[in-house]
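Peer 1: Below are the chains, spelled out letter by letter.
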Amino acid sequence: ERAAIVMPGSISDNGWNQAGFEGLTKAGEALGFEAAFSESVHQPEQIEVLSDYARRGYDLVIGHGGEFQDAVERVAARFPETMFMVNNGLGTKDNIANADFYFSQIAYLMGYVAGSMSDTGTIGIIAAQQFKFTTDTVAGYEAGAKAANPEVRVLVTWTGDWDDIAKGKEAALNQISQGADVVWPTMDSATLGSMQAVQEKGVYGIGIYRDAINEWPKILQSAILDVRGNMRSYLELAAAGKLEGALYRADMGNELAMRIGSFHPDIPVGVVDEVNKLIDAMKSGTLVVHPQ
Amino acid sequence: MNRFTMQRRIAIALLLALSVGGVLILLDGHNPFEAYEVLFLESFLNYWGFSNTLVKASPMLLAGLAVIIPMRAGVFNIGGEGQIYIGGLFGAVFALAIPDLPGLLGVPLIFIAAAAGGAFWAAIPAYLKAYRGTNEVIVTLLMNFIAIHIVSYAVAGPLLAEGAPYPYSEEVSEAYRLPILIPRSDTHVGIVFGLAMTVILYFWLRFTPSGFHLDLVGRNARAAAYAGVDQKKTIIRAMLIGGSLAGTAGAIEVIGLKYRLFHLFSDGYGYDGIVVAFLAALNPIVAPLTALFLAGLSAGAGTMQRAVGVDSSVIEVVEGLVVVLVAAALVTPQTKSTSILKPLAKNLRLRRQTQRQKKEA
Amino acid sequence: MIDLVLLGDVLAGTARLGTPIAFAAVGGVIAERGGLYNIGLEGQILVGALGAAAGSFATGSALIGLGCGIICGLISGLLLGYMSIRLRINQLVGGIALNLLLAGLTAFLSRQIFGAQAGGARVNGFSQIDIPFLSDLPVVGPSLFSQDPLFYLLIGLAIAAWFWLMKSHKGLDLRAVGENPKAADLAGVPVFRMQYLAIAVSGVLAALAGVHLVLSQVYVFAEGMSAGKGFIALAAIILGRWSPIGAICAALFFGFCDAVQFKLQFTSPEIPYQLFLILPYLASLIALVVLGAKASAPASVGLPYDREHR
Amino acid sequence: MNLRESWEVVLDPFLKVTGIDKSFGAVRALHDVNLLASKGECIAILGENGAGKTTFASVLIGLYQPDNGEIKLGGTPVSVTSPAKAIEHGIGMIHQHFSLVGAMNAEENILIGLPSTKRGAEARARIRKLCSDFDFNVDFDIRVTEMPVGMKQRVEILKALFRDVSILILDEPTSVLAPTEVTPFLKGVRKLVANGCLVFFISHKLDEIREIADRVMIMRHGHVEGVLPVATTPMAQMSALMMGDKPTGETVETPKVKKARNDTSSAPDALVVSDVCLIDPGGAEILQDLTLSVKAGEILGIAGIDGNGQTELSEVITGLKRQTSGAIHLYGTEISSASIASRIADGIGFVPEDRHAEGLVLSLSVEENIAFRSIGEDRFMSGGLISRRAMHEIASDVVAAFDIRPPDPKLNASALSGGNQQKIVLAREVARARNLLVVVQPTKGLDVGATEFVQNKIRAVAQSGVGVLYISTELEHVLDISDRVAVMAFGRITGVVDPENTTLQDIGLLMTAAPEEVQ
Ligand SMILES: Nc1ncnc2c1ncn2[C@@H]1O[C@H](COP(=O)(O)OP(=O)(O)OP(=O)(O)O)[C@@H](O)[C@H]1O
Ligand SMILES: Nc1ncnc2c1ncn2[C@@H]1O[C@H](COP(=O)(O)OP(=O)(O)OP(=O)(O)O)[C@@H](O)[C@H]1O
Ligand SMILES: [Mg+2]
Ligand SMILES: [Mg+2]
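Residue numbers (my numbering), protein chains in the order written: chain D, -19 to 272; chain C, 2 to 362; chain S, 330 to 639; chain X, 100 to 618.
Excised from the complex, chain D in its bound form:
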């Protein structure tokens, strides 16, 4: 079995791309895949890069991000023998699988934690660019926060750049100066800048992709979108040749792929319990967060 992943950004961005890269390589080693990757692949090259991997006989070609949806559909039609996968894609075909996250669900939990921990009644979220992933996340975050504290004010900042650290920091500082005492940066490299601001100003932050409290002490909770885990789960199928053109959706029901991180010691037990209740409700389907 040979698998290749095509990423829009740099594999050392501490974010989405790094997660994807590690996801494939780690799982590859574990399951005895031959793994290949292309990083920083921009719009005009997508089709060629995907096709080329298919031509070179890779059994599974992964487009890492919704921006690959269109290119994958085009290429998949040409290579019916090859299995394609879009992380954060949309819709499926016989040889197009789609690994998606229920962003709003986990964002809801983050929002709930933030909302209940905010003294100022103002919290913030920072995103680079508006599209499904970010808009869902923001929506869930706001819903969760409101659930914890109906009066809460949620600041949203768009930086327009995933990797401009200075901008990331500036955005966070702005939210903090506006009274936000919990900030959730959801970019890639730029997240580091925001975390730096959180650290300096002594407010709370929220992590993404991995359990960030290990790196930044002031992290309340982390939205672990475990791209690795998620990929692992479908790569196992691929290894067994059982991967179909289906939607592999990661939600709170799928621990391996999507879960929350460790709670910050400052968080009172009460809140922890409520969060865990929410998770159960999500699993049991009694709590449905929109957009789905």
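Think of the hints as simulated: they come from the structure by calculation, not from any bench.
Glycine residues also receive a C-beta, built at the ideal position from the N, C-alpha and C atoms.
Do not rely on the hints blindly, as some may be mistaken.
[To be verified] Among the chain C residues that face chain X by a calculated CB cut under 8 Å, a handful are:
| id | residue |
| --- | --- |
| 1 | L102 |
| 2 | A224 |
| 3 | A226 |
Add chains C, S and X with the ligands to chain D, keeping to what the hints say.
Peer 2: Okay, now just chains C, S and X with the ligands, sitting in the frame of chain D:
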């Protein structure tokens, strides 16, 4: 500078670049020779590689021409990128707004729309330059960023495709998509359009009074005025032409390659155009060669990563080095003894002589 | 009252966002006054940033980081100088290629140096210095007088550079080189040495922009963290009319607009955010038109000088 | 053998130049140049356009690196790898084409490159003093770009003199100085020589050479034909050496066939300029209700000190500048507000003052330069397109006719010598002029033969019925060619005289007439 020494310079330059890059590739744990074989052979001698090269070459060529023509009139258009975006936007909007014309009618109209878009975006710096003396470099540069954000807004807002997971527009209808040139590849006829433009512009500059006059303005504005050329009009004309060319490059990306308008659909082609233009010494007829070179380089770079697994950072270094050293090789010294080495050597010889004389005395 | 706080905020943001651009812009001014385009600013910012991060990472000393950053900038400057002065490569092609090269090189090296944690590696930097009394002033105090050392360095450099360029003899010679190298050459100015000097200084200043990003703002290196600041600097050079002080003002103006747009995003979330992101560029454009900055570039900037060509 | 003479003349050579060669591609600019020179002498360098004078000077000053040969100063070989080095060795030069920084003022231009110690306040004082010693009129408040050519020339001279030098090279220093300025300048140079300075004086003006040079070094096709004592050498021998075995018919000795004035009294007015005023942005009155007329077939000379509005007058007539008030008529039809292009179409030929700045496009080939102002005309077109062949053929003829060297129409104009560049402009405009020819400083930098040739061409144009406006600071040339001479001062015509019966004094008075006297 006869051709032989010229070729030798290029050869030496490339060798230098590749050996430096080779070391990095080794450090990265790969076989430089394998990597280079891929870099240079796959992008030109391999069916798929070459088609990919052509795909990249067509926007680069048009972007290059979009720099050459204004530069010949003494206007430095680094706004190619922005003009590509606005051109693409106009083209896409037209294509999506009027989806059911026959291709033979629709495609030309889309090109015209795109050209109009690019020209409009270039007209602003052109006017400011011609009638207010505002520096065009800064205006075009700033307008690039603005254009990218405008398209970003368009595809994330009004043009966003139904439930798209990323900011992009609906597909343009089948009829409007550029015919494929090389079977089973994505190489569309855009390159042909680019070549046609190249030839037309070359002849225009060389064999028509208006073209000749445009060139005069760039070479010596006062002499041009003395020859009765209206500098303002010429500047505007040059920029409008440049803008339209870049605009069509945008259209080509949309209806030739992506079939949709995407956020960030041009990967810096406007800036590649600057390299294309100056490597071609601002001569349109040479631009296709330099565009092919640059396109092949970047296509080969991609293959290097896929076939050999060389780290993309290393690839960028190699690309940069190759461009620098090819540029160096292409520099033609205006006079024979531009090299400082000779005078320096002579300098030494003479110093020794004088010392000897001092001793004797 | 609340407005004053806001103003203070914005000023502080202006300083943070504007300083790196300002460093690079002053560098660009020096180079262009000497007749050389420095399109490589963007890449040189990265080099400075990596140098600073690596230096501080290895030794734990911000000062050594600063030193490394400066040295890297110097080398990249001389490299560009060699390309433009000796090899006579077209200075735009050379600069663009240098940016590509340095972007790759810094990424490669950072992966080698910081390994798996790549961008994650935090390094020691400078902490802000409060200027006695001044920093206690309302509004401007915290924003302008409790900055990091590099900010003050910038101000110092600005004045020094302006004085050197406009008032000193060597400055006059350099400007002569930028205007008409042959005339300068014939007057006995060692043209090529002056140009090497200018481009080297330019590289160092651009690198300082990167140093500032790493050692005074985010304390990590990340690939492509220059994020286009080098190109904004190019605009600032022109908006500042090829004067060091003008360039700094232009850079800070840009920073100011950027800082303001962040504020505006909160006040009117219904407006598409792209509009806010455009604001700094649009404002600079309008400023340019209003100020009517005529194209007064040094007469022979970008033209390689060949003694025997006439 | 002439060479040998000269070797004996020089007992203690201060400068020894041996076997200098310099080629540019195919062009052999210098070959085997030898010279001995001692302190305190003035050596004139005489030679046709393109003979290699400027190249030789450029080698001495370190601008060009010779292919072979060596230079010794006071017995020790020196390598002049750069002008900086030359200056270290005390070599200075005044350049044929000014090397000044346009964006800077006179003072800055003079101080550039000097060691800081020599730039203080006293330096500024010294500049002013130098200026008055040579009684030069230099405006220290304006930037060089705003200066008239003559003032630029003066700044260029001051720049060289200010660096106290032991060897001074003057490359056609007087080409645009007013007669009134030439004499004190030559005196000044003599003083330098007396103080032990070695001066090279490149000029095409034999009278000037006679006046100040001790010896004359005659160059031809890049070779030194001889170095002869000026006093004892007859003109005939000089020009013979200069022109080689060419028929010396065009030299100064041969008495000029007095031109047959064609009677233009009945001819129509080709050009009428009435009450033209020109006020520059600064508010200064450059032209003050200036009125003149040129009949078809007539040559109207305009004499005057440079910077009195002659240039602007020519530009107003040809449309490069727009007059503030007043009218201009060409053969009765008003062209006061016609565009440059339409005036070109009307067959107005124009030789502008500054060949480098506007007369030529140096980066274009000779043939393109011969065509660029007439490109639309049928002779350059075929089937609506520019015919490169026609261009080449026409150019080849012109190059032959005007003896432009090197005779290669494909060469870049920048590669040509000053005089040959001037010939290109003249050739183009003389061919263009169907109704009116306006020439400014036409003989600037032309060698003796070329001057006579050009003068004849202009006469021929006039004889063919074209009105000619001949503007020049070279009084002899003006008097020699004109049917009438109008003298300009302070932007007005201060008088019109008949060249036949007028004295230099009268004209001198008119030239310097203060504004109030002019009414
Ligand atoms: N034509 C040239 N192109 C590029 N660089 C040059 C050139 N000539 C000289 N240089 C470099 O610039 C340095 C300064 O040269 P410049 O001519 O300005 O002063 P210089 O005193 O002549 O130098 P040198 O002692 O080498 O002759 C030289 O040492 C050389 O390294
Ligand atoms: N830089 C150069 N490149 C090419 N050719 C040159 C260059 N400099 C001089 N030449 C050639 O060398 C020859 C001598 O030129 P030079 O300027 O010395 O003549 P000159 O004696 O000064 O003539 P003039 O009296 O017209 O000034 C000319 O044929 C000219 O074309
Ligand atoms: Mg000469
Ligand atoms: Mg001459």
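Peer 1: Any hints this thing doesn't respect? Which numbers, in order?
Peer 2: Number 1 only.
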